[in-house]
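First to last, the protein sequences are chains X and Y. According to the working numbering, the first sequence is numbered sequentially starting from 1. According to the working numbering, the second sequence is numbered sequentially starting from 88.
For the record, the hints were derived by calculation from the structure and aren't laboratory data. It should be emphasised that the depicted structure is a prediction, and the values quoted were computed from it without experimental measurement. A couple of the hints might just be wrong.
Derived DEER-like restraints, expressed as beta-carbon distance ranges [unchecked claim]:
hint: 1; chain 1: X; residue 1: 61; chain 2: Y; residue 2: 186; range: 38 to 44 Å
hint: 2; chain 1: Y; residue 1: 217; chain 2: X; residue 2: 15; range: 56 to 62 Å
hint: 3; chain 1: Y; residue 1: 242; chain 2: X; residue 2: 70; range: 34 to 40 Å
hint: 4; chain 1: X; residue 1: 58; chain 2: Y; residue 2: 149; range: 32 to 38 Å
hint: 5; chain 1: Y; residue 1: 186; chain 2: X; residue 2: 64; range: 35 to 41 Å
hint: 6; chain 1: X; residue 1: 33; chain 2: Y; residue 2: 186; range: 26 to 32 Å
hint: 7; chain 1: Y; residue 1: 358; chain 2: X; residue 2: 77; range: 55 to 61 Å
In silico DSBU-like cross-links for lysine-lysine, where the CA-CA straight-line distance does not exceed 35 Å [claimed, not checked]:
hint: 8; chain 1: X; residue 1: 9; chain 2: X; residue 2: 65
hint: 9; chain 1: Y; residue 1: 153; chain 2: X; residue 2: 65
hint: 10; chain 1: Y; residue 1: 219; chain 2: Y; residue 2: 153
hint: 11; chain 1: Y; residue 1: 219; chain 2: X; residue 2: 56
hint: 12; chain 1: Y; residue 1: 153; chain 2: X; residue 2: 79
hint: 13; chain 1: X; residue 1: 9; chain 2: X; residue 2: 79
hint: 14; chain 1: Y; residue 1: 270; chain 2: X; residue 2: 80
hint: 15; chain 1: Y; residue 1: 219; chain 2: X; residue 2: 79
hint: 16; chain 1: X; residue 1: 65; chain 2: Y; residue 2: 219
hint: 17; chain 1: Y; residue 1: 270; chain 2: Y; residue 2: 153
hint: 18; chain 1: X; residue 1: 65; chain 2: X; residue 2: 80
hint: 19; chain 1: X; residue 1: 9; chain 2: Y; residue 2: 270
hint: 20; chain 1: X; residue 1: 56; chain 2: Y; residue 2: 153
hint: 21; chain 1: X; residue 1: 80; chain 2: X; residue 2: 56
hint: 22; chain 1: X; residue 1: 80; chain 2: Y; residue 2: 219
hint: 23; chain 1: X; residue 1: 56; chain 2: Y; residue 2: 270
Built from N, CA and C at the ideal position, the CB exists for glycine as well.
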Amino acid sequence: MTDQEIVAKINSSLAEEFEYDLAAMTPETTLFEDMGLDSLDVVDLVIVLETAFSMKVREEEAIRKIRTLGDIHDFVIAKKRQLEGDR
Amino acid sequence: MLLRRVVITGVGTISPFGRGVASLMDGLLAGKSGVVELPALAEITGMRTRVAALATGVEAMEIPRKFRRSMSNMSIFATLAAQDAVAMAGLAPEQLGSGRLGVSIGSTTGSPQTMEEFFREFNADHSLERMKSTLFFHIMNHSCASNVAQALGVTGRVLAPAAACSTSTHAIGYGAEMIGLGKQDFMLCGGADEFHPLTSGTFDIINAASAGFNDTPHQTPRPFDLRRDGIVCGEGSGILLLESLDSALARGAEILAELTGFATNSDPGSIANPDAACIAQCMRLALADAGIEAGAVDYVNAHATATEQGDIAECAAIAEVFGADTPVSSLKGHLGHTMAASGALELAACVEMLRRGVLVPTLNLDEVDPACACVLHQREVAQRRIDTLIKNNFALGGVNSSIILRRYV
Chain X
1 MTDQEIVAKI NSSLAEEFEY DLAAMTPETT LFEDMGLDSL DVVDLVIVLE TAFSMKVREE
61 EAIRKIRTLG DIHDFVIAKK RQLEGDR
Chain Y
88 MLLRRVVITG VGTISPFGRG VASLMDGLLA GKSGVVELPA LAEITGMRTR VAALATGVEA
148 MEIPRKFRRS MSNMSIFATL AAQDAVAMAG LAPEQLGSGR LGVSIGSTTG SPQTMEEFFR
208 EFNADHSLER MKSTLFFHIM NHSCASNVAQ ALGVTGRVLA PAAACSTSTH AIGYGAEMIG
268 LGKQDFMLCG GADEFHPLTS GTFDIINAAS AGFNDTPHQT PRPFDLRRDG IVCGEGSGIL
328 LLESLDSALA RGAEILAELT GFATNSDPGS IANPDAACIA QCMRLALADA GIEAGAVDYV
388 NAHATATEQG DIAECAAIAE VFGADTPVSS LKGHLGHTMA ASGALELAAC VEMLRRGVLV
448 PTLNLDEVDP ACACVLHQRE VAQRRIDTLI KNNFALGGVN SSIILRRYV
């Protein structure tokens, strides 16, 4: 999976889950202010990512620092690379 | 007896006839049936009934995701109906958040659909890792009441009575008492339920679900009819905006009807089988609460679900209290039994019957069971002035309830 494919899958998964306009999603889009998510949504966001990419990230420290879509892209790409390296 | 007079100034409904009281009345007066065949029920081992009355005209996406995420279907029904009741009453947003408006809305249980989804996932591998954050808000017992309060910005009291088929009659009665006591000026009251095979199954197991008309669903249920064979489960929501008379007059609201009496009692004789004497006592308590004699009642809106025992017991009780000259009908033939919504949906129709001066007959009542012949059955639509009516609901668990409405003068 290329980085572009990962970004596209993240965006489409989150757009569907949170009914957000896919065309309006940029790396600078903030989760709380722009997308209007709250603490409950963040719980579901993690489940959406775990399901989409078949990985466990709920306990990751880095996930608590995520503020933008770009943060999610970077986090998932790094996690995928790490998992691939572990194999 | 209410210390302050309580009136109805708004009504909202989601029923098998669609959204809104106008479509509800159109269906009732046209003698339509909201019952359909549900082939999926045939796939359940041991389920003999294959009919249900499903809600129509529901546009869930009207509700913003922020509120909708914590709602199952029953809360969606209740929220849309509550929005319509508020709009009809002409309440302003600042009144919704004034603290003087409360919510009293119940359901039989929390969402059975979400509960099923949870346990299907959970039982697969005993894992919580796929469970969404809003699951609990679907299955808590006060899901409908809380979701309506959240979506409408209500800051007053939140109450969620649960008494199966008496649920929304309780919700309305207790709401009226809160206003009567001066604790709130407005109450959004009613009930909601979503269809689930568990509901039909509950009645099928105790041989109280209709299974003889699966191929002709519009012919069942058949309250009071000789060929009746049980309940048809349905879904929907009815919400009424109750208001103190003083408040309604002060803001120039249109008053649809006055709620003058409410009573409920417990029948400890059986958790499942109704008792005529207990039902009669409930209706007498409601009359006493309204401060009227039985002779003042022009119409009885029966609970009558088309079960063998329930219809007979209710008829005997009605005959004992009101005699054989007061028109009686049940709306279950049109709407099926919408469970926790039934009291409020049927009361919403009663409000319209009062306003329009029209009686809705019992659908599918072709040949009155001799055991139910002791009352005057309304067999066809009739124009008739109604000043006062009584509406009954009785629940598994031995919970009876009655409400008295009066034309506001």
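These are the hints, each one checked on the structure:
1. For residue 61 of chain X paired with residue 186 of chain Y, a C-beta distance near 43 Å keeps the hint of 38 to 44 Å intact.
2. Restraint check, residue 217 of chain Y to residue 15 of chain X: a C-beta distance of roughly 20 Å breaks the suggested window 56 to 62 Å.
3. Range check, residue 242 of chain Y to residue 70 of chain X: Cβ separation about 39 Å, and the 34 to 40 Å hint holds.
4. Between residue 58 of chain X and residue 149 of chain Y the beta carbon distance is about 33 Å. The supplied range of 32 to 38 Å therefore holds.
5. For the hinted restraint 35 to 41 Å between residue 186 of chain Y and residue 64 of chain X, the CB-CB distance of approximately 37 Å keeps it satisfied.
6. The hinted range of 26 to 32 Å is satisfied by residue 33 of chain X and residue 186 of chain Y, whose Cβ atoms lie roughly 30 Å apart.
7. For the pair residue 358 of chain Y and residue 77 of chain X, the supplied restraint of 55 to 61 Å holds, since their beta-carbon distance comes to about 60 Å.
8. For the proposed pair residue 9 of chain X and residue 65 of chain X, the alpha carbon gap of about 21 Å is at most 35 Å, so the pair holds.
9. Annotation: proposed proximity of residue 153 of chain Y to residue 65 of chain X holds, straight-line Cα distance about 23 Å (limit 35 Å).
10. Of the supplied pair hints, the one linking residue 219 of chain Y and residue 153 of chain Y holds, its CA atoms being roughly 14 Å apart against a limit of 35 Å.
11. Between residue 219 of chain Y and residue 56 of chain X the CA atoms are separated by roughly 15 Å; this keeps the pair inside 35 Å, and the hint holds.
12. The straight-line distance between the Cα atoms of residue 153 of chain Y and residue 79 of chain X is roughly 30 Å, inside the 35 Å bound, and the hint therefore holds.
13. Restraint check for residue 9 of chain X and residue 79 of chain X: the C-alpha separation of about 15 Å stays at or below 35 Å, so the hint holds.
14. This hinted pair does not check out: residue 270 of chain Y and residue 80 of chain X have alpha carbons roughly 58 Å apart, beyond 35 Å.
15. About 22 Å separates the Cα atoms of residue 219 of chain Y and residue 79 of chain X, which keeps this hinted pair within 35 Å; it holds.
16. Taken as a hint, the residue 65 of chain X and residue 219 of chain Y pair is honoured in the structure, with Cα atoms around 21 Å apart against an allowance of 35 Å.
17. Among the hinted pairs, residue 270 of chain Y with residue 153 of chain Y is consistent with the structure: their alpha-carbon atoms are about 30 Å apart, no more than 35 Å.
18. A distance of roughly 18 Å separates the Cα atoms of residue 65 of chain X and residue 80 of chain X; the hinted pair therefore holds under the 35 Å criterion.
19. About 53 Å separates the Cα atoms of residue 9 of chain X and residue 270 of chain Y, which puts this hinted pair outside 35 Å; it is violated.
20. Of the supplied pair hints, the one linking residue 56 of chain X and residue 153 of chain Y holds, its CA atoms being roughly 26 Å apart against a limit of 35 Å.
21. For the hint linking residue 80 of chain X to residue 56 of chain X, the alpha-carbon distance of about 11 Å falls within 35 Å, and the restraint holds.
22. Straight-line distance between C-alpha atoms of residue 80 of chain X and residue 219 of chain Y comes to about 23 Å, which keeps the hinted pair within the 35 Å bound.
23. Taking the CA atoms of residue 56 of chain X and residue 270 of chain Y, the gap is near 50 Å; set against the 35 Å cutoff, the hint is violated.
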